[in-house]
Every structure is written in C-alpha cells, then in structure tokens.
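Asks: Just so you know, the sequences run in chain order A and B. Going by our numbering, the first residue of the first sequence is number 19, and it counts up by one from there. Going by our numbering, the first residue of the second sequence is number 505, and it counts up by one from there.
Quick caveat, the hints were computed from the structure, so don't treat them as lab data. For glycine and all other residues, C-beta sits at the position ideal for the given N, C-alpha and C. There could be a bad hint or two in this list.
[What the hints assert, rightly or not] Now the stretches of chain B that chain A is said to cover, found in silico as 3 or more residues with beta-carbon under 8 angstroms:
#1 640 to 646
#2 689 to 697
[To be verified] Label pairs and their calculated CB-CB ranges:
#3 B:513 with A:97: 37 to 43 angstroms
#4 B:693 with A:309: 32 to 38 angstroms
#5 B:668 with A:109: 54 to 60 angstroms
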Amino acid sequence: MSNLDILFQAPVLSVQLLLDGILIGAIFALAAYGMALVWGVMNIVNIVQGEFVILGGYVAYYTIHWGGHPVLGVPAAAIVLYGVGWLVYRVVIWRVVDKDLFISILATYGIAILMQQLMNEVFGADIRTAESGLGTWVLFGGDVTIAEIKVASAVATAFVALLLVWFLKNSRHGQAIRATSQNARAARIVGIDTDKVYANTYALNAAICGAAGALVSMTWVIHPFIGIPYTIRSFMIVVVAGVGNIGGVIVAALGLGAVEQFAGFILGVEFQLAFVFGLLVVILLWRNLRLRSERRVLR
Amino acid sequence: MKMLNYAALLAVALAAPFVFPTYQAQLAFLLVMVLFSMTWDMQGGQMGYNSFGNIVFFGLGMYVCIVVQVGLVHDVAEYTAPGGSKIFRFTEAQFLEGLVLGMIAAGIAAVALAATLGAAILGLRGHYFAIGTLGLGIASGEIASGIDIIGAGSGMTPPLFPDSLGARERFFYFVFLALTVIAFLTFKWLYSGRFGLAINAIRDDEDKAEAMGLRTTRYKTVSWCVSALFLGMMGGGVGILIGFVDPRNTAFAAGTFGVWMVLMAILGGKGTLWGPVIGAVVFHLFREFFWTYLFGWQRVALGLLIVVIVVFFPTGIVGWMKKRWPERFGHRVESAAAE
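With the hints as constraints, model all of the structure from the sequences given.
Replies: What follows is the structure, encoded as structure tokens:
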C-alpha cells in the first residue's frame, strides 16, 4: 500500500490520474455506446466489440503509416469497420438475432476468437502504436502532463457522440432504428425493413468501435489479443448505466476510466486488468443484490 | 443388456492405452475433455446457467494440488523463486502422497470456492450470469499471475513425475478414467432423482420453481459445488500431466478450455446425459486434427467451428438423434409429432 501513501503525500498526482482517467474514459464511452445501441435494438450482447476496436486501430495505424494525416485515421477506421460490421451481420448475426440470448453471446464470442487470430496472421503479433504527431501539455510546473492526443480523442469522442444523438433523433434512418428497438413487430407492420435496420445498426456499432479503435491506437498500443478488456469494459459501463441511456453511459465510462487509473496506480499495473474484471463481477452482484431486495432480478 | 453395454465401454476404455500406446497423452486429454463438458452441462444444460467461469475451479485445483505436493516436502516460496539453483527431488512415496492429498485438497478448495461464490454469482441470470462468469474466469487468471508465491506470471513447474511409476501419460490416463467414471455415475444418479428434476425446473422457469417451494439457491449452489469438486480434482492431475502451469494459458485458460467445455456440451447436445460425452469425443478428434494439420490457423478454425455449431446445430448431436429416431429415446412418435 506504499503507493497509497505516495498519493497522500503528493496530491497533485491524483490530479494527473483523474485527468488521465477521464480522458481515457471518453474513449471507453464510444465503444460502450455502440454496445448499448446493439443491445437495445437487437437484444444482442456483442462480444466482438473489442476486436472491432482493435481492427479500427489497425486501420488507423496503416492509414498513418502509408502517409495519411492522423486526422484521417478516425474516419478511415469508421468507414472500413462499417463495411466489416455489415459483412459480419450478413454472414452470421442475422441468423442469431431472434435466437436465445446465450446463442448470440457464444456466436459473437466465436467471431471474436476468429478475428483475433486473423488479425494475428495478417498484421503480426507485434505491439503497434500509431503516431499522432501531437505534443504534450505540462501543467502545475511539470507535475502534471497531458498528452494532447488524449484531449483530442476526448473532443473527437464528444463530437461522434453528438453526431450519433442527432442521427438517431432526427434522421429517417435513426428514427427507423429507434422504432425497431421499441417494437420490432410494429415497426415491420408500418413498413420498416427491420432486417435492414438491424444490418445498419450493427454496422454503425462497428463503425463507432472503429473510430474508438483509431483513437486507442494513437493514445496507447494495439495488439491482436487485447480486445476482450474493451468488450468487458463496454459491457460493464452499459450494465451500470442501463441500456438506452446515453448520458449514463458517458458518466459511467468517465468514472470507470478514473477508477481504473487509480486502481492501477495503487494496486500496481499487474493487477489493473484483474481489477477491471473483478469490478465487473462486483458491479453485477451489487446491482443484482439491490434488485433482490425487491424480489426482482437483473434482466 | 444395458449393463453389458456399459461393461463393454469400460473394457474398451481400460484397453485403449495398451492398444494405442502412442496416443496415451491424447487419450488422457480426451477424458479431461469429457469431464469438462459433463461438469459444464450440469449448469449449462440441465440447470440453464451458461457459465464461462467453471474454469476457475479447474485452475484453482491445479494450483492447490501443486502447492500441497510441493509444500509437504519443501518450502513453496523457495521452490518457485526464480533462478534458484537448488534442485528439488521427490521420491516416489512423497510424490504419490502429495498427489493424493493434493487432489483431495484441490477438490475441497474448489467446493469451498463454489459454495462461497455460488449464492451470489448464481443469483445473476441470462446474459449477466454468462458475462459475470466470463469476468470471473479472466480475473482469476490475472490475479494468479500477480501472486508471487505461486510463480506469478511466469507460472509454476510441478514436481517431476518419478520414473519408477511407468509412463506418466498412462498413469494419469487411469487416474482420469477413474475420476470420469465416478463423475459420470454421480451425474447419472443425480439426474435420475429429485435433484435432476429440481435443476430442470430451475432451467425451465426459475420463478415458478421458487414459487413451488423449491429452495432454488440451495440447489444451484449444490450443483455448482458438484461440478467444482470434479473440476478441481481433475485440475490437480492435469497440472502434473502437462508439466507446466501457466496462470493464463493452462490453469485459468478461459479462452481455450473455458470455451471448449461450453462448445463440447452444445455440440453433443446439452441437457442430456450422453450428449456432453459424445460432444467431447467428436470435438477432441476435430481439435487434434486442426492442431496437427492447420497449425497457426487453429484458432481461426475454432472460431469458425463455434459459429457453425452455435448457429446451425444448437440442439447438438443427441438432440438431432432424438428428433430423427424419437422412439429409441423412449418418446412415442405421435407425441413427438405433436410437439
């Protein structure tokens, strides 16, 4: 617990951790929002989420590697991943949309394993990071440093989130998605092609993950096998916030980012992932326990 | 007639390592797979609780067994210390005593864990249970790789198998065979009685089962404990058979063993007695094939296999046979048509 003492002796460190955590949380918020969208509209818990993020990271990495401007990385990843998501829906997901919940979890888990290994074969097992070409801000006389890219990603996240909200509220497609999520059968009766809506939703989710992944690749590192933590984080955020609550998703994501930074600092980096997964279990149990007192369960 | 079939099957199992001496390791692992899918099916198939976290008991058993085995003779911290030049020897008697006590301790530890976690974790349902247990499985691997006394991320090497006991694979084949047969008979006995009906009722409608006065939490916890017992004991043996325990890739291998057990049970037909056994055998053959001829692409093949099985054969082999020949399963044909 000596790290805890350090934190008390140098309070400025916690400012660093808090800022880092919130900026990181902004990126989690994107992937989590995608998951909430698919979960809400299609009733599928999409385990491939993390792999979409990583794939988006690779797209951004190569865009920049081949001379593209870093700003191009985000839309490039989103566009490519939109295609990938659409393909995944057309090949597999449409078959499991109306099946048992567990079937869709297992099917998407299978796709996740498949994609991990494919990325490993195609891109190699090296740890990669995309160069954003941005500098670092120094605050409090050198005690706190903030990478500009993290601020840029937080801004980009906010922009994408606003775009999404506008899209779902005002555009024809967005309205069709919302109608389908409220009542798929009624939507079909009034002439909405729900299959198309599902395809669009799923592809849109993949695109959001891709954008998040592009930011991840510029902020940290990407590697074919580190997708699962992003899936788990997204799931955790959605469980805390509730499906269909975008404000909640953002707050929960920022909170998770900050908590994770503090836990990583206090417990040591080797326990940071253990903390994330442990926290998931604790949150689920806590939410369930609260419902149990009213004789209800988490559904 | 039925007894005869069982006797014949047992005879085949007993003779197998002598008939195929080059495949002893694969045969031993086949039994591990059978036990995996049977223990998973007790929750996933019979009780309707799809767990991705049963691997926790397996990994725990693995570590407990080795720690007991080493701890009886040497100092554990010294044993796992990196770069130690000291050589640790185990005599045959020490090894066997350690193995027996270790496997018992592994079983007890796993049951204790299942009982402690059970009431809370099994309160979750559906998606939440599946992903909660997935988190549990991965978290335990991460935690184990942060604990220094059991070797942290670099893992642990179990005691060397003494040569005087013959081939390691054959020895463990028979240990695992005994464990698997006991497990199978236990499950058969449990499913044929009140317990089986109770957990099936929980699968079909938990709220109603509770309203009928079933103590659902108790049944769920007991069922998890039974699975944990066998998984823990098996884990103890597997650690020594493999000869090296890595926290993320052998002990708490949520991404391989943890998924395979689900897949095998579904492939064979979940919620049936024989389904998991058949599924495990078929899967193991497929897997050995993939690992031998498609090396490097095996995970791609595995992912594809998961998708194909889950999407196209959700009822599994036994489920398909039941539909095809209902009368052989004791269903009258007209009642099957009415369903």
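Asks: Lying within 54 to 60 angstroms: is that true of the beta-carbon distance residue 668 of chain B to residue 109 of chain A?
Replies: holds (56 angstroms)
Asks: In this structure, is the beta-carbon distance linking residue 693 of chain B and residue 309 of chain A contained in 32 to 38 angstroms?
Replies: holds (36 angstroms)
Asks: Please count how many residues of the region 689 to 697 of chain B have a CB within 8 angstroms of a CB from chain A and say whether that reaches 3.
Replies: This one is violated; 0 residues, fewer than the three required, reach chain A with a Cβ under 8 angstroms.
Asks: Within the region 640 to 646 of chain B, is the number of residues with a Cβ closer than 8 angstroms to a Cβ of chain A three or more?
Replies: With 4 residues in contact (Cβ-Cβ under 8 angstroms with chain A), the coverage given for the region 640 to 646 of chain B holds.
Asks: Do residue 513 of chain B and residue 97 of chain A keep their Cβ atoms within the hinted range of 37 to 43 angstroms?
Replies: violated (57 angstroms)
Of the hints listed earlier, those the structure fails to meet are numbers 2, 3, in rising order.
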